[in-house]
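S.K.: Can you make the complete structure from the sequences, with help from the hints?
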Amino acid sequence: MSEELKNITNNIMEQIDKGKIKMKPKIYFIIGSIITFFGLISSMIVSIFLIGLIRFSIRSNGRMAQYRFDQILSNFPWWTTIFAIISLIIGIWLIRKYDFSYKKKNVTIILGFILAIIITGYTIDAIGLNDTLLHRGPMQGMMQNYFKGNKIQVQDEYMMNK
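Residue numbers (our numbering): 144 to 305.
Incorrect hints may appear among the rest.
[Unchecked claim] Calculated lysine-lysine pairs in the DSBU-like style (CA-CA distance at most 30 Å, straight line):
no., residue 1, residue 2
1, Lys169, Lys149
2, Lys161, Lys149
3, Lys149, Lys167
4, Lys165, Lys149
5, Lys163, Lys149
If you are wondering where the hints come from, they were derived from the structure by calculation, not from laboratory data.
M.R.: See the structure below:
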């Protein structure tokens with residue numbers, strides 16, 4: 144070890160012994176990592192689902208696309224988006240404050256996530272996962288209500304025009 148590195152090490156150890164520097168507990172970093180991971184995953188899932196659902200809705204509805212898009216936005220569980228964004232911000236703040244992520248550019252990381260979300264959303268729509276969710280799966284209830292509500296609205300508009 145070089146002399147300069149030994150001096151730095153000794154200086155830091157002296158400051159720790161005197162109580163001038165306090166180490167953060169390990170749980171602090173664990174909680175920060177968990178919050179970041181949960182925020183990242185949940186925001187990506189919500190974003191991918193929304194992009195796929197919008198593409199599916201616009202592709203399958205033609206002239207009624209704007210109405211259906213408005214209905215998607217009004218029925219979307221926005222609390223999940225808000226929770227995901229808050230978790231992601233807190234997690235990134237904790238990691239950036241006490242971790243090695245200062246080596247990465249924020250713009251590169253953000254653009255990479257946005258690109259991955261858009262590509263995944265298009266891919267999910269292209270492979271037909273949205274069609275599968277329409278007929279079975281965890282989103283069946285929401286999708287069936289979505290289409291049922293539009294049929295009622297279309298019938299009402301049709302009757303009003305006659």
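S.K.: Determine for every hint whether it applies to the structure shown.
M.R.: Hint check results:
Taking the CA atoms of Lys169 and Lys149, the gap is near 25 Å; set against the 30 Å cutoff, the hint holds. With a C-alpha separation of about 18 Å, the suggested pair Lys161 and Lys149 falls inside the 30 Å cut-off, and the hint holds. Restraint check: the Cα-Cα separation between Lys149 and Lys167 comes to about 23 Å, which is no more than 30 Å; the hinted pair holds. For the hint pairing Lys165 with Lys149, the CA-to-CA distance comes to about 20 Å; that is within 30 Å, so the pair holds.
Of the pairs offered as hints, the one joining Lys163 and Lys149 holds, with about 19 Å between alpha carbons and a cut-off of 30 Å not exceeded.
Checked against the numbered hints listed earlier, the structure breaks none of them; every hint is satisfied.
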